[in-house]
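Chain order of the listed sequences is B and Y.
The numbering of the first sequence is the numbering used here, which starts it at 1164 and goes up by one.
The numbering of the second sequence is the numbering used here, which starts it at 2 and goes up by one.
Hints may contain errors.
The following label-pair restraints were derived from C-beta to C-beta distances [what the hints assert, rightly or not]:
hint, chain 1, residue 1, chain 2, residue 2, range
1, B, G1255, Y, P227, 24 to 30 Å
2, Y, R229, B, L1222, 40 to 46 Å
3, Y, V102, B, A1181, 48 to 54 Å
4, Y, N238, B, R1178, 42 to 48 Å
5, B, P1263, Y, E41, 33 to 39 Å
6, Y, D62, B, Q1238, 46 to 52 Å
7, Y, T140, B, I1258, 29 to 35 Å
8, B, L1222, Y, D62, 43 to 49 Å
9, B, Q1238, Y, R81, 38 to 44 Å
Because the hints were derived from the structure by calculation, they are not lab data.
Idealized CB from N, CA, C, for every residue including glycine.
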Amino acid sequence: MVKVCNQVVIKRIVRVMASVFGLLFSVALLADTLEQMRADGVQCVEPTEIMRKQHMELLLHQRDLTMREGIRTRQHSLNQCIECHVQKNNQGDYIPVNAPEQFCASCHNFTSVAIDCFDCHATTPDLPQSANALIQQALSELIAQELTLPIVKRSGVPELHNIEVNR
Amino acid sequence: MTGSGTVSRRSLLKGATACAAITAAGGFRIVELAMAKSPEDAASSLVRWGMLIDTEKCASDCDACVSGCNSEHNLEGMGRPETDAQWIRKLDITDNQTGHVSSLPMLCQHCENPPCVDVCPTGASFKREDGIVLVDKHTCIGCRYCVIACPYKARSFVHENLHNQKSYSPRGKGTVESCTFCVHRIDNGRTPACVESCQSDGNGAMVFGDLNDKASEIAVKIKSEPSRQVREDLELNTGVRYQNV
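One chain only, chain B, in its complex shape (with noise of 0.2 Å):
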């Protein structure tokens, strides 16, 4: 019987363990803390007295940083905006927000000011796609890294050749 005794092999899949375990636990805990926050009702990105009569110059000065110069802090974006004030219907899925009664569509049909924002932009966040596809594609580029490079020793003797035959 032939057993393999290499430790860097054993650290590098111990790490990778840990790299993957890590990855997965804090986009749960960041989700968590999102959906709880949403849930707490905190407040906006700026008090709701800026926010309603604001809110418009918000979007306008962070829409030219954002296309104009590549600053995408999210705190003001509109892309934000909508991940925080979306529904979702009883089967889960996301209600547009420009659909009658969802958030924007309340006050602006109320007040009778017409936007056209959702002419162009998302009424719905594509953020879990996305995530995922991020996680996803973190992890095989992870895996890939870790299996691929050469395990060599300091001494720059391939490590593999360490093996104990045990009779």
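Using the hints provided, position chain Y relative to the given structure of chain B.
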């Protein structure tokens, strides 16, 4: 994680710290993440994004880059090829003297001196600091001067109402659009969708990177191997270059 907002914020920070620590311990993509620009940083003129396409590797029957782009930006066809939006397309070009056919993808060339920006009457067509040529659809009036001015036929006009746009890729009727070099991905340290598709489903004919970074794969390659710009006579200094045409 009970009750008040301050606790939530604290656990958010804890989550982020745990994530950072564990990620660092795994030695995972540290370099790549360090290279990516942080969200509050503006695009820098020290960077010039570019692409190198090897037409020898690009197969005539492969359209992985086109389908990759279409699904990334949800460019659904309306079944009317003459007016459907097209950000990247495959061309077969024949040498009239020899009959040799090469196949290549044609997209916005992200010129240093873009004609589309010159002709735009509203300033909607613009070049970002890092060399990416974009349309600000908020100010685009749909006059289509840029569509005429572009020597590469890279721009499309949206003729019809659209639905199901992606959150990172807003598109709408009455505006002109073209390849953005997947600017939403670049700002997060990733490569454009076409390059990713070409590597995974195609023949690995596309290389993307910073032309100004002497150590980048693309800069090393264009220094050591010959490459050409399409219509180099126009002196637009394109960001996209081709090999073996």
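Next item on the list: Could you work out which earlier hints the structure fails to respect and list their numbers in ascending sequence?
Entry: Hint 1 alone not satisfied by this model.
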